[in-house]
Structure formats: C-alpha cells, structure tokens
Amino acid sequence: MKKIEIFRQSAFKENAIIIQILGICSALAVTNLMQNSLVMGLGVTFTLALSSMTASLIRNLIPSRVRMMAQTFIIAFYVILVDLFLKAFLPEVSRQLGPYVGLIITNCIIMGRLEAFAGKNPPLESLVDGIGAGTGYTLILLTISFVRELFGNGTLFGYKILGEWWIGWSIMSLAPSAFFLLALLIWIVESHKSKAGSK
Amino acid sequence: MSSRTALKEKRLYPVLFMLILSIILTSILALFFELSKERVAAYQELSFRRDLIGLFQKQISGIDNSNLAMMDIKQINSIYESAVTELHIAPKQEIIYYQVKDGNQLIGFCYPFSMSGLWGTISLLAAVDVDFSTIMGIRITNQNETPGLGGRISEDWFQQQFAGHRFRAGNEFLTWELIPEKSVPQKEAIRQITGATISSRSVTDGLLMRLKQIYQLQVPAGSDK
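Residue numbers (my numbering), protein chains in the order written: chain A, 42 to 240; chain B, 412 to 636.
The set of hints was computed from the structure by calculation and includes no laboratory data. All values derive from a computational prediction rather than experimental measurement. From the three backbone atoms N, C-alpha and C, an ideal C-beta is built for every residue, glycine too. All the pointers check out, no bait thrown in.
Calculated cross-link-like contacts (lysine-lysine; reagent style PhoX-like; alpha-carbon spacing at most 25 angstroms): (1) A:LYS161 with B:LYS419; (2) A:LYS128 with B:LYS485; (3) B:LYS448 with B:LYS485; (4) A:LYS201 with B:LYS593; (5) A:LYS44 with A:LYS161; (6) A:LYS128 with B:LYS448; (7) B:LYS421 with A:LYS161; (8) B:LYS598 with B:LYS623.
Cβ-Cβ distance ranges computed for the label pairs, FRET-style: (9) B:LEU440 with A:TYR200: 35 to 45 angstroms; (10) B:ASN478 with A:ALA237: 55 to 65 angstroms; (11) A:ALA237 with B:VAL451: 42 to 52 angstroms; (12) B:LEU440 with A:LYS234: 37 to 47 angstroms; (13) B:TRP568 with A:LEU102: 53 to 63 angstroms.
So that you can see chain A by itself, here it is in the shape it has in the complex:
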C-alpha cells in the first residue's frame, strides 16, 4: 500500500475516534479548550508515530507473551520523553498542560495502532500510520473543542470571539457536552457513509 493511502486510511477512513470509537476518555477531558486539544493532539501524534516505528523495528524480537507489556513500555518511554522535553524547552506549555501529558499513556489509540498495524508492518509504514491516526485524532478533538470553547467561554484559542454580552454555557465546559457532540459527529459521519453506500 502506498504511504499516502496508509495516511488517508488511518486518518480518515478508519478514524480512531469516529470509526473505531477509541481514545474517547481524552476526547472528553481535553476538548473544552482548543489550545489543550491541539497540544494533546500533537503529543499523541508524536508518541503514536514514534512508538509505532519503534515497535515495528523490534517486532520480530518481541516475545508474544510479553508483547503488550513491551508496547506499553515503549509508549510510556515516549510520553515521559515528551514530558521532559516540554518541561525543559517549553515550560509555559508544560505548566498549562499539567497532568494531560501523562494521560497520553492511557490513550487506547496508541496501543490499538501498535497491535493492529505496527506489529505486522515495516517501520516507515508504521510511522506514517501513526502520523495519520494522530492527525485524525487531532482533527476530531479540534472540531469538538471548537464548539465547546466557543459556546462555553465565547473564545477560540483563548481569544474573545463572542464579546462580553455572551453568557457562557457551563454545560459546554463539562464532559457530558463532549459526549453529546461526539455522538452527533458519529451520527453525521455514519449517515453520510450509509448515504454514500446506498448510491
């Protein structure tokens, strides 16, 4: 398969959140602000891409009995590396993100792609697959956070959009609103897919 096709498939056709319903916890937690969503998306993309490549590089050496343990170890390694890097070189971003960076370890998408793709494919293809899945994840996070931040705070990326007259909808800052928005997004995509399939 061509690399562009691998990217397209993991980012859009098999989007982790909308199609595979993975990574929901973080999608609920961080999508109240666009900035958090973007940084979380970039962190996941970086971790996912490099974890996939590393797991693929040593896929023939990993014993099947400890396969998942080794994969988790690799993921944790990259997450801690991201955390250390942010603390040393982008301390303000690290300060704003707080505990979110550590939460990347628990993202099911990473383990899912390592199991489904990186364990069976060469390193470069796995890297592209990781970048694609991370990009798809980031786009969905940004879409949900756009609605939540705009209606919840009247801002986008912290900049006032709706003015002082706007009374923020508190529900949009709470996790349940992400549930509703995510369900709405899945419904729209699935409806579009079934319409396209019936034509």
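Given chain A, put chain B in place with the hints provided.
Below, chain B without anything else, positioned relative to chain A:
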C-alpha cells in the same frame, strides 16, 4: 528452525528481552533527565521569583506589569536579591516565608501555601501587608483543577480580586462570602467561578486557614524570628 525462533522459545527469553528493553529505555530517559535537570530547575526558580516580585510590583520601585514580563533572568535575579529575604518561622524553622523590601522600607511578606483542590493540590503565593491583616495579592503557582471550570482559578480576574481584602481585625479572623461570578465586586466577598464552587472555595477557605495557622504560630509581622 532458525536460531532466532529457537532463542524466542527459550523460557528465559521474555525476561531477558524485557530486562534489556528496560535498561535501554530507562538509560535514555535518565540521560535526558540528567542533561535537562539544571535547565528545568533554573526555570522553576525564575518562575517562582517572577511570580513573587509580580505580587509586589506596585510597591517595588521601577517595575510595572508590562516590563516584568519582558525582564530576563539577570534583571529578575537582581530585583529579587535586593528586595527579597528568605526567612523561617520559629520554632522548628520548617516553614519558609519571604520578607520583601523596597530599598530599606519593609513592604510586606509572602507565604507559599498549598491546599486541596477538587483533583489535586493547589499551590499559591500569598502576599500580605506588614500588619499581617490585608492581602496584597495572590498568585496560583500550580493547580490541576478541571480546565475551563476550576482551572479558571488561574485567570487574572480571579486572582486579582483578593488584593485589598482584609482577613484579620485584631485577633479575630474574618471570613469572605462567595458571591456569583457576574456580581459587582464587594469588600470581604470573593466572586466565585461559575460551575466551580469547590475550586473557588478551596482557594478562599484554604488561604484563610493557612493565614490563621501562620498567625497562631505567633509570627510577629515585621519580625524574622
């Protein structure tokens, strides 16, 4: 059967594999940590000093809000070293606080406090006047509250409203009422964040409780004993 397959089927192979993987990955992390730790510590110290000076920026000559953000490490350190003295509270000396002066004139004290929030510890710096009766300002230095809700305790308006609030009249400690976010600012009242009562109350009650504890430890304002 290839030699690699034969090796993988040995009972000890998974143990050895995980051991080698652990050694390699943790060594890389340890190396990165070692190389970056001075940089991280330097930033944390700078950030702390900038926050502390920021609480007294109206009282310390020659700085204002705009140029504090633009100051480099040397300038921050120079102001900090000339204005701030680290002190310890008697009798056990385990509580650190800071005495702040403008030239030779004492302008206030600063206390680092920690309190429980909704999800974790909230840390802040509290600046109080020389009489130990009025807040000069607070600065949230670390918190893990819900972003967009309790996390808004770090917003400027929330922190700035504490300045000028009296917390002690004689030996009596005052309490502050929590009022809705959109209310008109009032004396002895704190505008709480909508949808984040617990975080707002944690900061307000925690701050008052810590100040009372400090006072009960018999720290005479203006004394370093």
